[in-house]
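Generate coordinates for the entire structure from the input sequences, incorporating the hints supplied.
Residue numbers (our numbering), protein chains in the order written: chain U, 122 to 409; chain S, 122 to 409.
Do not take every clue at face value.
Put simply, identical chains are the same to the list, so a pair is met inside one copy or across any two.
[To be verified] Derived SDA-like pairs: lysine to any residue, alpha-carbon spacing no greater than 25 Å straight-line:
| id | residue 1 | residue 2 |
| --- | --- | --- |
| 1 | K318 | C365 |
| 2 | K289 | I309 |
| 3 | K318 | T255 |
| 4 | K173 | V262 |
| 5 | K318 | F357 |
| 6 | K318 | G225 |
| 7 | K318 | A158 |
| 8 | K318 | R268 |
| 9 | K318 | H270 |
| 10 | K173 | F217 |
| 11 | K173 | R268 |
| 12 | K289 | R253 |
| 13 | K402 | G163 |
| 14 | K318 | L293 |
| 15 | K173 | A263 |
| 16 | K318 | G201 |
| 17 | K318 | E382 |
| 18 | K318 | P347 |
| 19 | K289 | S186 |
| 20 | K402 | S132 |
Hints in this document: simulated from the structure, not taken from any laboratory.
Protein chains: 2
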Amino acid sequence: MPLASTPNEPSSPPVGRGFVRLRLDLAYDGTNFAGWAIQANGLRTVQDEVQKAIGLVWRLGQPGSVYVAGRTDAGVHARGQVVHFDIPEDSYIDFFRQQYSLNGLLPADIRINRVSYAPAGFDARFSALARRYTYAIADGVADPITRNHVVSNWRRLDVDAMNEASEKLLGLHDFTTFCRMTDYGTSIRTLTEFSWKRTSYGVMATLEADAFCHSMVRSLVGALVPVGDHRRDTDFPVRMRDACARTGEFTVMPAHGLILESVVYPPDDQLQARQDLTRAKRNISEID
Amino acid sequence: MPLASTPNEPSSPPVGRGFVRLRLDLAYDGTNFAGWAIQANGLRTVQDEVQKAIGLVWRLGQPGSVYVAGRTDAGVHARGQVVHFDIPEDSYIDFFRQQYSLNGLLPADIRINRVSYAPAGFDARFSALARRYTYAIADGVADPITRNHVVSNWRRLDVDAMNEASEKLLGLHDFTTFCRMTDYGTSIRTLTEFSWKRTSYGVMATLEADAFCHSMVRSLVGALVPVGDHRRDTDFPVRMRDACARTGEFTVMPAHGLILESVVYPPDDQLQARQDLTRAKRNISEID
Numbered sequence: 122m123p124l125a126s127t128p129n130e131p132s133s134p135p136v137g138r139g140f141v142r143l144r145l146d147l148a149y150d151g152t153n154f155a156g157w158a159i160q161a162n163g164l165r166t167v168q169d170e171v172q173k174a175i176g177l178v179w180r181l182g183q184p185g186s187v188y189v190a191g192r193t194d195a196g197v198h199a200r201g202q203v204v205h206f207d208i209p210e211d212s213y214i215d216f217f218r219q220q221y222s223l224n225g226l227l228p229a230d231i232r233i234n235r236v237s238y239a240p241a242g243f244d245a246r247f248s249a250l251a252r253r254y255t256y257a258i259a260d261g262v263a264d265p266i267t268r269n270h271v272v273s274n275w276r277r278l279d280v281d282a283m284n285e286a287s288e289k290l291l292g293l294h295d296f297t298t299f300c301r302m303t304d305y306g307t308s309i310r311t312l313t314e315f316s317w318k319r320t321s322y323g324v325m326a327t328l329e330a331d332a333f334c335h336s337m338v339r340s341l342v343g344a345l346v347p348v349g350d351h352r353r354d355t356d357f358p359v360r361m362r363d364a365c366a367r368t369g370e371f372t373v374m375p376a377h378g379l380i381l382e383s384v385v386y387p388p389d390d391q392l393q394a395r396q397d398l399t400r401a402k403r404n405i406s407e408i409d
Numbered sequence: 122m123p124l125a126s127t128p129n130e131p132s133s134p135p136v137g138r139g140f141v142r143l144r145l146d147l148a149y150d151g152t153n154f155a156g157w158a159i160q161a162n163g164l165r166t167v168q169d170e171v172q173k174a175i176g177l178v179w180r181l182g183q184p185g186s187v188y189v190a191g192r193t194d195a196g197v198h199a200r201g202q203v204v205h206f207d208i209p210e211d212s213y214i215d216f217f218r219q220q221y222s223l224n225g226l227l228p229a230d231i232r233i234n235r236v237s238y239a240p241a242g243f244d245a246r247f248s249a250l251a252r253r254y255t256y257a258i259a260d261g262v263a264d265p266i267t268r269n270h271v272v273s274n275w276r277r278l279d280v281d282a283m284n285e286a287s288e289k290l291l292g293l294h295d296f297t298t299f300c301r302m303t304d305y306g307t308s309i310r311t312l313t314e315f316s317w318k319r320t321s322y323g324v325m326a327t328l329e330a331d332a333f334c335h336s337m338v339r340s341l342v343g344a345l346v347p348v349g350d351h352r353r354d355t356d357f358p359v360r361m362r363d364a365c366a367r368t369g370e371f372t373v374m375p376a377h378g379l380i381l382e383s384v385v386y387p388p389d390d391q392l393q394a395r396q397d398l399t400r401a402k403r404n405i406s407e408i409d
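In structure tokens:
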């Protein structure tokens, strides 16, 4: 789940003279983390672990500063998270060994899947075209083996009804109903995919948008579950959206069913343009 | 993974006068258990947790005595484990509430999926026709989210080669090569299924046999992995089997990729006959 951006969250400066930008693709099990973002209270965070490991592998003398595509809340997982960070251009480079070293330093609940040069104009957060998430619900018997990444739901869910209702939410809209309230920024987003399919364990939602505001995926899924169990009709979610106000009529789903699956970027020659557009179009504090 | 039966493992007596036999279907995440079987050393075991909960729910004044279809090793999971136990026939019965109570008492890594009367002649262990296991291997990028139930393998695996080799192992054979050595009992088993398929995360094996001896599934999978990565030809596993001796030419795979998926029973009217046959045909100490 993307955390609501806070005005004081630093955004990445351009690559400085004498520096080179790297991209990391990583996955993590969010169960035992207080989310992505480093916290002043010393809680265990993914960012803190990754920054410490980068500092050691590239001998920076201090933790690196990494910028992330999609900040995730406590308990939320990632399979296709992307970050960038800048290192001195005379640094030793052997990506294969450095991936191995990072994975040796990192705890087992974080895995680096790729280390590469970031193309010119690449910013993990601002160059992104879209974020893709899945949300997994077991609506049959409980499965303790997958309990950290599949949410258990007592009632059987009707995938057809959920797909019909989800499709009505697609497009460019004000998603205030599904966003945790902040006193800055907008909740206008373009939802490009929201679909459901039956799986071996239950049902899985796939969602894609240019960006999600805080709690948006979990709120959207929460508005669809009562459609799936026939307590609400298929117009319920779109009625909620159009009311443009937070409501107690559905619940925000638990964090642990949510996985950031991938971040979508444009072709290399459009990375800088996309970055400029995103920074210009929106207040820096609310792209995520 | 079935533990090697030990000669002193008690087998279930018939249902006593004034008692009634119940069946539990349950699932567990084996990660934090020292296996199914209760241990004198006080380590955390599934059997111990289940017996304590049964004792409380049916007010037995002490833990129940449960008999299991497939004992599993430390780290091995179960989705379709089956046990039976006997309670006084005047006990209060409300299976729906009692399932709920059991799940309330049990830790989150054990879930009871069904409580029911056992049909006449039912013995969870001796009435079983077959046990079905799956073994999951990620042969692409590591996925920390599923690391407790999917084993990571650096090399890409060739499912077609593995299926060709696995099929040669099917049938009634002496599987001594794949059984942890014991000084009692036989290693003759009927392997009725051993197949591989590609999944979203990698590859999954499905195995079915009348019974598996200790470490047999993990050894069989270990003999197939070098076929999958082309270090061995497709006759390698069957050559190993026919040598009828433990060998260092392949490794026993880790416990955490293994799941007991289900236990197969005959129709109700054949439960007693199957039980009698199994008890007669084999030394009690090695059916599992």
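Each hint tested on the structure:
For the homomeric pair K318 and C365, neither the shortest alpha-carbon distance inside one copy (28 Å) nor that between copies (47 Å) is at most 25 Å. Proximity of K289 and I309 under a CA criterion of 25 Å is satisfied intra-copy only: 16 Å inside one chain copy versus 60 Å between copies. In this assembly of identical chains, the alpha carbons of K318 and T255 lie at most 25 Å apart whether taken from the same copy (11 Å) or from different copies (23 Å). In this homomeric assembly, K173 and V262 come within 25 Å of each other (Cα to Cα) only across copies, at 22 Å, whereas the closest approach inside a single copy is 41 Å.
Proximity of K318 to F357 under the C-alpha cut-off of 25 Å is restricted to the intra-copy arrangement: shortest distance 20 Å within a copy versus 40 Å between copies. For the identical chains of this complex, K318 and G225 are neighbours neither inside a copy (37 Å) nor across copies (30 Å), given an alpha-carbon limit of 25 Å. Neither within a single protomer nor between protomers do K318 and A158 lie at most 25 Å apart by alpha-carbon distance, with minima of 31 Å and 38 Å respectively. Taking CA atoms no more than 25 Å apart as the test, K318 paired with R268 passes in both settings, with 19 Å inside one copy and 24 Å between copies.
In the homo-oligomer, the alpha carbons of K318 and H270 lie at most 25 Å apart both inside one protomer (17 Å) and across protomers (23 Å), since each shortest distance falls under that limit. In this assembly of identical chains, the alpha carbons of K173 and F217 lie at most 25 Å apart only when taken from the same copy (19 Å versus 50 Å across copies). For a Cα distance limit of 25 Å, the shortest separation of K173 from R268 across copies, 23 Å, qualifies, whereas the shortest one inside one copy, 30 Å, does not. In this assembly of identical chains, K289 and R253 lie within 25 Å of each other by CA distance solely inside one copy; the values are 18 Å within and 43 Å between copies.
Taking the shortest alpha-carbon separations for K402 and G163, neither the intra-copy value of 34 Å nor the inter-copy value of 62 Å comes in at or below 25 Å. In the homo-oligomer, the alpha carbons of K318 and L293 lie at most 25 Å apart inside one protomer (23 Å), although the nearest pairing across protomers, at 40 Å, exceeds that limit. In this assembly of identical chains, K173 and A263 lie within 25 Å of each other by CA distance solely across copies; the values are 21 Å between and 38 Å within a copy. Proximity of K318 to G201 under the C-alpha cut-off of 25 Å is found in both arrangements, the shortest distances being 20 Å within a copy and 24 Å between copies.
Taking identical chains as interchangeable, the C-alpha atoms of K318 and E382 lie at most 25 Å apart whether they share a chain (16 Å) or sit on different chains (23 Å). In this homomeric assembly, K318 and P347 come within 25 Å of each other (Cα to Cα) only inside a single copy, at 16 Å, whereas the closest approach across copies is 35 Å. Taking CA atoms no more than 25 Å apart as the test, K289 paired with S186 passes in neither setting, with 40 Å inside one copy and 55 Å between copies. In this homomeric assembly, K402 and S132 come within 25 Å of each other (Cα to Cα) only inside a single copy, at 15 Å, whereas the closest approach across copies is 72 Å.
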